[in-house]
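Engineer: Keeping their order, the protein sequence lines are chains A and B. Each residue of the first sequence is one higher than the last, beginning at 22 in the numbering used here. Each residue of the second sequence is one higher than the last, beginning at 15 in the numbering used here.
Since the hints were derived computationally from the structure, they do not count as laboratory data. We treat Cβ as the ideally placed atom computed from N, Cα and C, and that holds for glycine. Heads up, a few of these hints could be off.
As the list claims (entries may be wrong) - In silico contact screen, one side only, chain A against chain B (beta carbon under 7 Å); selected entries:
id, residue
1, S69
2, R73
3, I75
4, E93
5, A117
6, V135
7, A139
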Amino acid sequence: MNSVQRFTQAYNQAPWRKQLQLIGLFLLVLIMGALVAGIYLSVTARASTIGRGIQDMRSDMEKIERDIEDLETELAFILSNTHMQNRAIELGFRPAEPGEAVYVVVPGYTKPEVVSLAQSSGPAIHHSAPALPADYTQSLFDWLRERVFEPAAPLIRER
Amino acid sequence: MMELEQSWRYTTLGILFSALAAFVVLQMVRIQTSPQAEVFRSQGEVYAGNWRTVKPARGQIYDRLGNLLAGNITVYEVGVELAFVENPSTIALALNAVTDADYEDVFAAASRKPSSNAVFAVLANNVTEEQKLRLEQFTEEMNLAYGESKDESRPSLAGLVFTPQLQRSYPEKDLGSNILGFVNREGKGFFGIEEKFDELLAGESKTVWVPRDPNRVEELPQVPPGASLILTIDRAIQSEVEDILDAAIEENGAEAGTIVVLDPRNGDILAMATTPRLDLNEYWRYGEVFQGSTPFNRAVSKSYEPGSVFKVLTMASALDSDAVNQNTPFLDTGSIEVGGTVIRNWDSGAWGPQDMLGCMQHSLNVCLAWVAKQVGANTFYNYMQEFGMGHLTGIELAGENPGRLKRPGDADWYEADLGTNAFGQGIAVTPVQMVMAISAVANDGKMVTPRILRAIIDNGRQYNTSPQIAGMPISDDTAHELTEMLATSLEVESSIALVEGYRVAGKTGTAEIPTPFGYTSNETHASFVGWGPVDDPRFLVYVWLEKPTSSPWGSVVAAPVFRQVVERLVVLLDLPPDKIRKRLLEGQ
Numbered sequence: 022m023n024s025v026q027r028f029t030q031a032y033n034q035a036p037w038r039k040q041l042q043l044i045g046l047f048l049l050v051l052i053m054g055a056l057v058a059g060i061y062l063s064v065t066a067r068a069s070t071i072g073r074g075i076q077d078m079r080s081d082m083e084k085i086e087r088d089i090e091d092l093e094t095e096l097a098f099i100l101s102n103t104h105m106q107n108r109a110i111e112l113g114f115r116p117a118e119p120g121e122a123v124y125v126v127v128p129g130y131t132k133p134e135v136v137s138l139a140q141s142s143g144p145a146i147h148h149s150a151p152a153l154p155a156d157y158t159q160s161l162f163d164w165l166r167e168r169v170f171e172p173a174a175p176l177i178r179e180r
Numbered sequence: 015m016m017e018l019e020q021s022w023r024y025t026t027l028g029i030l031f032s033a034l035a036a037f038v039v040l041q042m043v044r045i046q047t048s049p050q051a052e053v054f055r056s057q058g059e060v061y062a063g064n065w066r067t068v069k070p071a072r073g074q075i076y077d078r079l080g081n082l083l084a085g086n087i088t089v090y091e092v093g094v095e096l097a098f099v100e101n102p103s104t105i106a107l108a109l110n111a112v113t114d115a116d117y118e119d120v121f122a123a124a125s126r127k128p129s130s131n132a133v134f135a136v137l138a139n140n141v142t143e144e145q146k147l148r149l150e151q152f153t154e155e156m157n158l159a160y161g162e163s164k165d166e167s168r169p170s171l172a173g174l175v176f177t178p179q180l181q182r183s184y185p186e187k188d189l190g191s192n193i194l195g196f197v198n199r200e201g202k203g204f205f206g207i208e209e210k211f212d213e214l215l216a217g218e219s220k221t222v223w224v225p226r227d228p229n230r231v232e233e234l235p236q237v238p239p240g241a242s243l244i245l246t247i248d249r250a251i252q253s254e255v256e257d258i259l260d261a262a263i264e265e266n267g268a269e270a271g272t273i274v275v276l277d278p279r280n281g282d283i284l285a286m287a288t289t290p291r292l293d294l295n296e297y298w299r300y301g302e303v304f305q306g307s308t309p310f311n312r313a314v315s316k317s318y319e320p321g322s323v324f325k326v327l328t329m330a331s332a333l334d335s336d337a338v339n340q341n342t343p344f345l346d347t348g349s350i351e352v353g354g355t356v357i358r359n360w361d362s363g364a365w366g367p368q369d370m371l372g373c374m375q376h377s378l379n380v381c382l383a384w385v386a387k388q389v390g391a392n393t394f395y396n397y398m399q400e401f402g403m404g405h406l407t408g409i410e411l412a413g414e415n416p417g418r419l420k421r422p423g424d425a426d427w428y429e430a431d432l433g434t435n436a437f438g439q440g441i442a443v444t445p446v447q448m449v450m451a452i453s454a455v456a457n458d459g460k461m462v463t464p465r466i467l468r469a470i471i472d473n474g475r476q477y478n479t480s481p482q483i484a485g486m487p488i489s490d491d492t493a494h495e496l497t498e499m500l501a502t503s504l505e506v507e508s509s510i511a512l513v514e515g516y517r518v519a520g521k522t523g524t525a526e527i528p529t530p531f532g533y534t535s536n537e538t539h540a541s542f543v544g545w546g547p548v549d550d551p552r553f554l555v556y557v558w559l560e561k562p563t564s565s566p567w568g569s570v571v572a573a574p575v576f577r578q579v580v581e582r583l584v585v586l587l588d589l590p591p592d593k594i595r596k597r598l599l600e601g602q
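For reference, chain A alone in the conformation it holds in the complex (with noise of 0.2 Å):
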């Protein structure tokens, strides 16, 4: 027996260690698949769970926005001209006649000419929705891309 032959035979495995190779490295390959699946399942179930949450919350504004409507329009009608005089004629106040005033000088004071409801200067305001997180649209294929070319990147980014 030369020496290749004794190597040979050294490192030659035994077929049921072959076998045993051959089901890990199956076993592996579903571990993986499966790993793969469950984390986009996890992913994608978590996708919807926020996507279903922003409908909810996109029905929820709306909902507010009318209420704000509903309630000031509800003010207005409590505060309204005619509500205002009966309630201050059932507290026993009367209009004033022209005699009756008193006049008196406010030093500093200037009557507004118009009432200002809103910011009269300055930068506007744009009313647009903040964009949404690219946790929430991002797939899990350009996660991995951005993981391997951007190791750097934090896991989480704190908003």
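Please build the complex by placing chain B on the supplied structure of chain A, with the hints as guidance.
Structural biologist: Chain B only, in chain A's frame:
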């Protein structure tokens, strides 16, 4: 031998499973690429989401002090999902009882068989929150009472769907209704501010695809609300003026009336009251309230022959062109011929020697026709053009009428028109035109464009409008001289237009109403225009009562209305009596 047999079996099984897998894959590919696949995909798309129009909230309207005049409230569209309807009769009964909807219409709509073309039916609109709650309560009670029943004819409101939407609401009801206008069910503005600024108030709608799949959720475009408007109107003054107008119409048996209050310094319309008025929350009663050709806002839409209030403009042109001065003598013989037409005074009398003050004080038609002749036709009409007669004023209200000013050269102008136009007959003007023209006399010769819009709030910023000078038809000296003449004439006459403590200038007007056969009617238009305080005018008030029956004369009918308005104005505008004001100014 045994191993070979097993190997053959394994190979056969492997081939079978592989063939099965290949068949499944092939079948999947075939289904995906078959012509029917496109049909199924398009059917799926129908349920994948819906096109939705995102409508912004309509902008609000405020008075000059920030009181809300027009806002929005939530109402509901009640519809039914046809596939879920169990008893159309119950639905029709409930809607009829709660919303007054027609039973037959609702029953027919709710009874439709669901199909690919009929999924949903609208049953009622503008359902209030209270009505919606009652319907929901009915649904709940029916479910409790009959929910377990297997009877197919059991009462049920199943299938009802409530869709919220915003609708215009007017907290002040009919206050300033002629200025505001209204918005119909479809969201379109009619008349007044609502029509004039419809696009601005409505904002821009956007139609977007909204997927049902939460994984496909995307950002909806943010639709900013429509712009809000701040008007020059003062709610308290508007209310007082409307009350005074209504009382004057009733007291004098007038057919209708108009009062306009303007700040002559900047053209701000502080109040604009006309009749009839409409509770804007019940805009569908428009046809009932405004019958025939009744204009929505007489102050801007109805032109008329103003009568003697027009003499203010005639005298202004004469003084400014130096055709006459305050002391120019005139011998009133009771008649004058202009272009072949004999003109007489209001009382058909001869008033003898007069000066220009006397002519205005006694409102002599003969004298003013003579004055117009002294000015000359071309110059007179040039002045009238400068005063804006026959042109739109540019006020920000829908439906403005330009009136009519015939001029030399027009086919229907005759020389006699110069004489009649001099005292406000044969010419058509709107109250707002008169207010603008006379603002030149009250504002040192500077004529201001009447404005109703004080500011626009858009995208979180307030843009204030600036006063606009429409022209300077007369000099400041002429304006002061004429104001002084008209103040003196009121004082000498002891007019009932005078307001204690405040010096005001003004002029009455009584105009015969033309018929197809000439001035044959006994009906008149009674007017009064006045402003004050004379040394620093803060208000200009125009009163017009149509066809009063208590008296035909403006001096009797319209002058006291002016006084009542001013008595309220000075309180609401914080205007001290002249003496106190001067003392306070001296003390500063």
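Engineer: Can you list which hints this structure breaks, lowest number first?
Structural biologist: Violated: none.
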